[in-house]
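2 protein chains.
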Amino acid sequence: MSRVYNFSAGPAVLPEEVLKEAAAEMLDYRGCGMSVMEMSHRSKMFTDILETAEADLRELMNIPDNYKVLFIQGGGNIQFSMVPLNLAKNGVADYIITGNWANKAMKEAQRFIDAKAIASSKDKTFTYIPDCSDLPVRENADYVYICQNNTIYGTAFKELPNTKGKTLVADVSSMFLSQPMDVEKYGIIWGGVQKNVGPAGLAIAIVREDLIPAEDLPKVPVMLQYKTYADNNSLYNTPNCYAIYICGKVFKWLKNRGGLEATYEFNKKKAGVLYDFLDSSEMFKATVVKEDRSLMNIPFVTGSADLDAEFIVAAKKEGFENLKGHRTVGGMRASVYNAMPIEGVEELVKFMKDFEAKH
Amino acid sequence: MSRVYNFSAGPAVLPEEVLKEAAAEMLDYRGCGMSVMEMSHRSKMFTDILETAEADLRELMNIPDNYKVLFIQGGGNIQFSMVPLNLAKNGVADYIITGNWANKAMKEAQRFIDAKAIASSKDKTFTYIPDCSDLPVRENADYVYICQNNTIYGTAFKELPNTKGKTLVADVSSMFLSQPMDVEKYGIIWGGVQKNVGPAGLAIAIVREDLIPAEDLPKVPVMLQYKTYADNNSLYNTPNCYAIYICGKVFKWLKNRGGLEATYEFNKKKAGVLYDFLDSSEMFKATVVKEDRSLMNIPFVTGSADLDAEFIVAAKKEGFENLKGHRTVGGMRASVYNAMPIEGVEELVKFMKDFEAKH
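If you read the sequences in order, they're chains P and L.
Each residue of the first sequence is one higher than the one before, counting from -12 in the numbering used here.
Each residue of the second sequence is one higher than the one before, counting from -12 in the numbering used here.
Hints are computed from structural coordinates only; laboratory data are not their basis.
There's no promise every hint is true.
List time: in silico DMTMM-like cross-link candidates among lysine to aspartate or glutamate, alpha-carbon distance up to 20 angstroms [said to hold, decoys possible]:
#, chain 1, residue 1, chain 2, residue 2
1, P, Lys206, L, Asp203
2, L, Lys206, P, Asp203
3, P, Lys7, L, Glu8
4, L, Lys91, P, Asp203
5, P, Lys94, L, Glu3
6, P, Lys304, L, Asp101
7, L, Lys94, P, Asp218
8, L, Lys304, P, Asp15
9, P, Lys31, P, Asp15
10, P, Lys7, L, Asp203
11, P, Lys303, L, Asp15
12, P, Lys7, L, Glu4
13, P, Lys91, L, Asp218
14, P, Lys109, P, Glu278
15, L, Lys7, P, Glu12
16, L, Lys91, P, Asp218
17, L, Lys340, L, Glu297
18, L, Lys94, P, Asp203
19, L, Lys7, P, Glu278
20, P, Lys94, L, Glu305
21, L, Lys7, P, Glu3
22, L, Lys7, P, Glu8
23, P, Lys91, L, Asp203
24, L, Lys7, P, Glu4
25, P, Lys7, L, Asp15
26, L, Lys31, P, Glu305
27, P, Lys206, L, Asp101
28, L, Lys303, P, Asp15
29, P, Lys91, L, Glu202
30, L, Lys206, P, Glu305
31, L, Lys91, P, Glu202
32, P, Lys94, L, Asp203
33, P, Lys31, L, Glu305
Chain P extracted, bound-state conformation (with noise of 0.2 angstroms):
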């Protein structure tokens, strides 16, 4: 056997004690006689499966009690439909448009109510984030919302908005679990778990429990109301048992390297290796202004469509896999999120360099 470095933007690379786990575990889960895959969702096995995953997600994040751990099916694109219609009371909301997602949250929100960009970085192709000091708020908007790293662009809010008073939403897909954040100051933090946690087919929304609505929502499908989930312990229905499974595995895998502080460090420091070389390279440079600069997805071009095209099938040979760049924007594009070794990136930075000595 022999593992490729996954620079996939999502679904994406998982730490390799995890996978060795669950193939171990796959015929016989600690002694039960069954894969996960064939257990109840409502036996004791698959509860602590569960409840020791929200345990160890409250504690990596330091979740408050008044927030709500939800694991939800069907990804982002059903949280794009879930905020609107369980957040707007008065049917207004804001978005800050820093890329595609964020753009097709919005989109996704206009099917019910008024959704509206307050900003927008489109005018540079999404290469920085705006300025949201001082953004028009509307003063009766339900949310502002938010995509905190932008997977396609390379992007990341270093700081917050500044949402006047109003619920912060973020979607944080492609940094989940990448640095420590302070849950606090939002209202709903959620995340497709398919790029830095696990296999796809799960989000993870983690909702401030007053913003729940306390009844039925009697339009809405049953599946799309936050309070179904709350409601329930996430098994109102039958969840995605196995990404759970799974996920709870990257919990503990990350709790073991040190939680989120050290994670935030080993990634500071993976990404400056890359970066630091982009911003030294004559032939290779990133595309993002640096004080915007993911950790997580990190877009470089040549200047030459061809070049680059020559660089991802010489890189693919050497084992560096998906380093294409997002069919909307082109270049290159190495995502290094958490499971992404360093020698990953010390490997990708010395075959750059050799590919740059020998064009």
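Start from chain P and add chain L according to the hints.
Structure of chain L alone, referenced to chain P:
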């Protein structure tokens, strides 16, 4: 490693061969150096997995070309919403209530449309299937809805209802791929895969193309529109990739066994072992009338709640797991899905005979 006989109603037993393959491929799928959980859903490797799964399912079920096969997250409860949201042009639908799941489907539909029960077997605790040869189907009904196999009560439709020309929609979750079906008799066949096909977190909907709305439904969440999946080969967003991969392996396993005809014969023989014993036992009794019995879910009772409880504990000690009946009905239930080997049922009957002899 010692595997138990797992009679869980779902999530449920999977073929051991499938789990062994999945374990072997966990860190490195066919030499690509990644787990299937780590692959981009837009990679050639994953699209091959998806397309092969669809082709094998089409072959197994003999699905006509004018039906789409859609892989959808969110399980049955999301289908309860999607069916009325996508199909109701007149806003009218008729439901045949043969248990909790059909009833939940109707209640969910009532959020959006005029959904009405036109038959029910509630009068005898859902232990039979109502006569559906001449029901008061409404003239303007958009569809008639059934749950074709009732997991909790152990009944199954042996004949499809006379819908008087209206579109038939069937939830087949707990009988999915257990027998051949004439797909053309249905408008939609959908099933959550976590009972008879794969891990939780995925439903498969087989939808006749003309029933899929041609235009976007502006007030319906994008992920709750069949069109979104049909237009994008189920890749509008990241699907539950790992569940699709496991289902694909189950499809191959079924083909290798001789397809659905052979599986049906096997299932009749296997269920027959238990039903024959139940019909001859003094202590154990099947709860469902003979002509409406499910081949997948077999509820039974001793007539004494204490003895039921004693039996369940004793059976568990011998490695017969999850025989407890659903919390709403009590007693016992043996779910004998495709992946349950006949030895499992033979051993169970032997154990039941011994138990009866001792009491």
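Here's how the hints hold up against the structure:
| no. | hint | in the structure |
| --- | --- | --- |
| 1 | Lys206(P) <-> Asp203(L) | holds (19 angstroms) |
| 2 | Lys206(L) <-> Asp203(P) | holds (19 angstroms) |
| 3 | Lys7(P) <-> Glu8(L) | holds (14 angstroms) |
| 4 | Lys91(L) <-> Asp203(P) | holds (15 angstroms) |
| 5 | Lys94(P) <-> Glu3(L) | violated (45 angstroms) |
| 6 | Lys304(P) <-> Asp101(L) | violated (59 angstroms) |
| 7 | Lys94(L) <-> Asp218(P) | holds (19 angstroms) |
| 8 | Lys304(L) <-> Asp15(P) | holds (17 angstroms) |
| 9 | Lys31(P) <-> Asp15(P) | holds (15 angstroms) |
| 10 | Lys7(P) <-> Asp203(L) | violated (44 angstroms) |
| 11 | Lys303(P) <-> Asp15(L) | holds (16 angstroms) |
| 12 | Lys7(P) <-> Glu4(L) | holds (19 angstroms) |
| 13 | Lys91(P) <-> Asp218(L) | holds (17 angstroms) |
| 14 | Lys109(P) <-> Glu278(P) | holds (17 angstroms) |
| 15 | Lys7(L) <-> Glu12(P) | holds (11 angstroms) |
| 16 | Lys91(L) <-> Asp218(P) | holds (17 angstroms) |
| 17 | Lys340(L) <-> Glu297(L) | holds (15 angstroms) |
| 18 | Lys94(L) <-> Asp203(P) | holds (13 angstroms) |
| 19 | Lys7(L) <-> Glu278(P) | violated (48 angstroms) |
| 20 | Lys94(P) <-> Glu305(L) | violated (56 angstroms) |
| 21 | Lys7(L) <-> Glu3(P) | holds (19 angstroms) |
| 22 | Lys7(L) <-> Glu8(P) | holds (14 angstroms) |
| 23 | Lys91(P) <-> Asp203(L) | holds (15 angstroms) |
| 24 | Lys7(L) <-> Glu4(P) | holds (19 angstroms) |
| 25 | Lys7(P) <-> Asp15(L) | holds (11 angstroms) |
| 26 | Lys31(L) <-> Glu305(P) | holds (19 angstroms) |
| 27 | Lys206(P) <-> Asp101(L) | holds (13 angstroms) |
| 28 | Lys303(L) <-> Asp15(P) | holds (16 angstroms) |
| 29 | Lys91(P) <-> Glu202(L) | holds (18 angstroms) |
| 30 | Lys206(L) <-> Glu305(P) | violated (48 angstroms) |
| 31 | Lys91(L) <-> Glu202(P) | holds (18 angstroms) |
| 32 | Lys94(P) <-> Asp203(L) | holds (13 angstroms) |
| 33 | Lys31(P) <-> Glu305(L) | holds (19 angstroms) |
Checked against the numbered hints listed earlier, the structure breaks hints 5, 6, 10, 19, 20, 30; every other hint is satisfied.
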